Amino acid sequence: MTDSENFPASPGEIEPAQPSAPCSGGPTRRGLIQGAAGIAAAGVVLARPNIVRAASETPVKVGFIEDESGNLSIYGIQKLHAARLAVQEINDGYTLAGGPVGSGCLGTMGLYSPTPPTLTSGPGAKLNIINDGGTPSEHAIVTADTEEILIPSGEKGLLGRPVDLVSSDGQSNNTLWQQLARRMIQQDKVDVLVAGFASAEREAIRPIVDQRKQLYFYTNQYEGGVADGYTFCTGAVCEQQVIPVMQYMVEKFGPKIFTIAANYNFGQLTAAWVRSFAPVLKAKVIGEEFPPLEVSEFSSVIAKVQAAKPDWVMTLLVGQNQSNYYPQAAAAGLHLPMASTVNMAQGYEHKRFTPPSLANMHNAVNYMQEIPTKRNQDFVARFYKMFPNDPYLGQMAQNTYFTIHLYAKAVRLIGTTDQEKVRRTLEAGWAIEAPEGTVFLEPATHHASHYIRLAATDEKQQISFVREWPMIEAWWLQRLGVNLVRHPEHKQYTPQEDPFFKMFG
Amino acid sequence: MMRMLQLLNGPHDLGRGRGFWSGMVLLAAAFLAYPTIASSFSATNVAYYLLNIPMALGLSLLWGYGGVLSFGQVAFYGIAGYTYGIVAGNLQDFAWGTEAGVLAALLAAGLSAAAFGYFLFYGRVAAWIVPILTLVLALLLATFLGLTAGYQWRVGDIQLGGYNGMTGIPALQIGGLTFQDYAFFYLVVAIVAICYVALRIWVNAHRGQVLMAIREDVLRTELLGYDVRLEQLRVFVIASVLAGVSGLLYVQWGNYITPSAMGLQQAALPVIWVAVGGRDSLLAVAIATFLLNQLTYILSSGGNQSALVIVGALLVAVMMFAPEGIIAGLGRLHWLHWLRARRRAVPSGPASSGK
Amino acid sequence: MSGSERIPLSRREGGSKVLPELASILYQFGTNAAFLLLSALGLIVILGMMNIINLAHGEFMMLGAYVASFAVHRGIPFPLAVILAFFATGAFGIVLERLVIRRFYGRELGALVTTWGISLILAQGALLLFGPYMPPIPIPGGAVSEGVFSFSVYWLILIGISIVLVVALTLVYRATPFGLQARATMQNPSIARSLGIRTGRVYMLTFGLGAGLAGLSGALLAPATSIAPFMGQQFVAPAFITVVVGGGANVIAGAVGSSTFLSLIETPVSLTLGTFYGTMALLVMALLIIRVLPAGISSLGARLRPAVAR
Amino acid sequence: MVNDAMVNDAMVTGGGGPVLKAERLCKRFGGVVASDQIDFNLERGEMRCVIGPNGAGKSTFFALLCGILPPDSGRVILKGRDVTHLPAFRRVRMGLGLTFQTNRAFHALTVAENLETARRASASASGAADDAHFRAAFGAFDLAASSHLPARELPHHQLQWLEICMALRRGPDVLLLDEPTAGMSPGETMYTADVLKTLSREGLALIVVEHDVAFVRKVAETVTVLHQGSVFAEGPVEVITQREDVRQIYLGRTREAAA
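Chains as they are written, first to last, in our numbering: chain A, 1390 to 1894; chain B, 4 to 358; chain C, 272 to 581; chain D, 31 to 289.
Derived from the structure by calculation, the hints contain no laboratory data.
Take the hints with a grain of salt, since some may be wrong.
Restraint ranges, calculated between C-beta atoms of paired labels, are given here [to be verified]:
no., chain 1, residue 1, chain 2, residue 2, range
1, D, Ala142, B, Met5, 27 to 33 Å
2, D, Glu274, C, Gln458, 35 to 41 Å
3, B, Gly126, D, Gln272, 48 to 54 Å
Remember, it's a predicted structure, so these values are computed and weren't measured experimentally.
Ideal Cβ placement from N, Cα and C applies to all residues, glycine included.
Make the full structure from the sequences, and use the hints.
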């Protein structure tokens, strides 16, 4: 239990809560969302005014499964702690700024538009692959300029009930994950499930989630493609990370790319993205290597990279064994610029590895604790006040943090924890002021747009952010025509199902 | 029929006689009645503790009765699980599609065990190489399946799925009945009961005696005129098909399987269950499998990270202080009196009258 | 200590393209072989001399890496830390032998299962005690370059060290009183005992030596890997494959032979087809060897006591 | 099954000549020659003792005859059929029975189960006449009373007898016994000798590898002496045991071992 002194002003008396400032500091999408905040779009979103009820005995249960032991625990413990922080803040009477962005637009659009609606474009818009980056352009969104993102929610807890974090350790064991998911859903009857690091874990529990119609958040960065009516994915996906980092690397270092990717789902799929989008960026993948996850000795990979002479290397290596690549490459004198979507932001390799193993590494991230904005520094301070001994606060932890706040906001708005209604409310389209920046939850795809920054390391593995894209959508599922509001489905798409990728094998 | 009952009551497992079998019937009745008081969640969980028993019984037969240790039974568990996923997944819209999946899965487990076992037993490798090679087989399969993430790795409509595994595996359907929740629980209880009874008859029948003869003395058995290689291969195939039965039940339970089901830690578990229970008693192995699965679940779902340490320590302690197994040891204590009483009834003569 | 300087091996500008290619292949071959040999060394001593199949071998290597990491981050120079790892892991091995392993002489399968239990305890115990990872050890030495390729000095040193270790081990077993006693005990424990050799002590020291060598290898490989509780798993398969393929009457020669042979297979396959196929080739090769060369296996098996069943 | 049928044919056609025959059997281990050009013939109904000092190659010869070891060169002919490349269990199915130097009955099984295991070794059933040997031995050794005891509870000599009965259970034509009386008291040894002699008289061919000269004198007609892997002498028991050179290698070695 932390004290609340480190939080901004304590809310005095609890007032009947307004829907916590819908759209305050939220986005306005020119031509689309203007004034939308005021329009209480019927049926779905504001069906019931929010009333603070008498404190009830039954808490709101947030089910939470992560790996607190085993191989993946360096990520799982971060996420658990971030979830604790979010629950603590909710119970202390705080919320993150934000609200439904288009109660009159996007949610409705999702329900009635024949083509999937997006935030950046209306119906029938063209595929907008890359935001130019840098300064917001005519077509970019207007982000909130507030730095005070943690604001009083008007009540302690949620709907007058305390929020409980029901957490379990999945121990990197898929069978245990299934058992725990069943227990959370069937026995603990959690109101929402926030769980999953590895894609395998998500895929292990998704059938159970679907069978029981459980509201489920997956907060990890992943390979993309999950289109599931009961699942919301709030982490970054390939199109948000791969293409920005490639664009930067090609501009800065040259067009010849060598990809080293873990030989499993994430690595294969992400490598397919790199291969397919290189021609779009006038670059070329001149070599690819897929070492198995078990491999920890990389001399032949390193030799191949040296022989191919690329301008830079895309490293999509995963797990303990494969992280050996970096010190081995550095020791072998391979000092090419590197890009990645997995390292640093989660496993804080730049802090763990001795320089210069991870020097000259680039990663497009939606969050790292080094982000120099005030809202982030406040967040980092709150986190370390609660967990002073933690080694790092990473991307997935931040995603978990804002996701739980987002859920609480939706519940507060609709006034019930009824999962079907909360899901419908979330499908109105939401913005939330996360530590990274403004994040939009897109109704049609159940994915989030992110504020993406390009983090680069110097010789001493210090982080600097060399470019930023204030909003990149998860546009790929939109391109495939996924509209979960109108056509709920329960599958994971792979790039092979998209004709664009087929052109590149 | 009487002969079957006699064999069932035979000496090569714990427990005999009217009292024991009444107890077993009561136990079975208790399992059958369990769903009336339990939630479908608890029933599903208990089904999980039970569904590994066929694999454990198979390993008990192979190791405890036959003296051949395999670390790779999970390989056949996985082969059956994946085969069922592929066949039943492709045929699920047809009548008898899932049954065809079951058949294909058991065949795949049996045939692959026969092929692999041929190399092991007809190559007459040393006893300690069998566990190492079976382990290598399991790891090889796990590695291979982990690499099948690409779109090219599909059979019909079914994607192998690499590390993320194969999802959406259909539940078994017979007629209009789909084996889920309570129905699945009953299915598991029935299969476990059938496996136990059948194996108990088997070990007390002639083949079981030959198996124990091989465990005691390979050369002696061979020089009685038995083809030891064939006998070992036969029991290896039976044990692997039983592992396949568990694999089948597992994919029904979770509608899902990943390569990690054949990984290093999973491979360790059957050996632990069998060793802790008492490898030369089917009953002890079944009980230990149930209890240890429950223990692991309780420890880990309570957020306790020391589950692996505790299970490992248990294994070491058992191997050091009770190599015959904890449950078998306890069981023998109890049955000792009964045995002694019985022995007195046997005319004792030859020991003294032999000259 | 900085890995950034690159010393050119050859001064010829635009010289032959063959030489660097050849050097690169040789280097990879050497590192692959050294990796296999180092992974297998401790295992081979324990198996060859005692008939104990030590499935906790990977965890002994993990212990060595942990000790080295501790030492290095308390200011002890890396070479000293490696030696410390040898003695610390060796001492741990001796304690373990006295407490547990000695009950299992003549019961190979019992030892196999027990050491597996020990490996679970050690790995998860390390996680509980020290957390999910240890601070890394920087790779000593820089790199030398030849053409477009550059090679890690440290791996070159490791290749040298593995040769030195093999020679030293051979000398210990050929030319010291302990080696003589060990070989006598290995051939016939009861006769050795009747000749006044304290076979219990020989077993204890042999197990300690095997454990120490595992720790030494773990410490030596630590800079090239991430030091974590489950790091031992990555060595288990290569180590056992090396041992099973090695076989032969002379364990040390067997290990040298099989690591050389396996890397001869692995290196070209990795280079032409990819790392995945390299690893697969290693595993498939092991299975084939076992089937095609039953003599290798049987000569290995014949040395085991005749207890075929238990 | 096909093989068994062929084996049965061989049994039918293989009458006449010696029932078991070894031709120029050689086996070496490294530099040690364990068997050196051994020629050996055993007639039907013959009782032969093979003796020799420790290390003379008796056990190797025994292993070569029953197929535990493959010979480097030479042939083994059982009932007229070349069995040199047949695995041990096939030779057993053809009519070879044997016991080991150390007792190797199955301790976990009962006496009855041990015998049952021996009886059902293969599909090819044995004739009723052959069964007579077993019944005679079983009666003589008085094992019926302990049928339901686990073998581990039998006294030592009865275990030896049980093993002989197991070897006889399927009605072999040739019985190979490796030191069948090791560890028995003199009384038990002589009783065993009597039973074996009876069996031999009833037409069973026997080879007994032995150490105990008293026992050899009692049972054998012909004795083969092995020394350093080859046949040193062969002949009637009275002649051989009187020969000075035989006594020398035998006693010399014995004295050495005692020293």
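Going through the hints against the structure:
A C-beta distance of roughly 18 Å is found between D/Ala142 and B/Met5, which places it outside the suggested range of 27 to 33 Å. Here the CB-CB span from D/Glu274 to C/Gln458 is close to 37 Å, well matched to the stated 35 to 41 Å. Against the hinted window of 48 to 54 Å, the Cβ-Cβ separation of B/Gly126 and D/Gln272 comes to about 51 Å, which satisfies the hint.
The structure fails hint 1 only (numbered hints given earlier).
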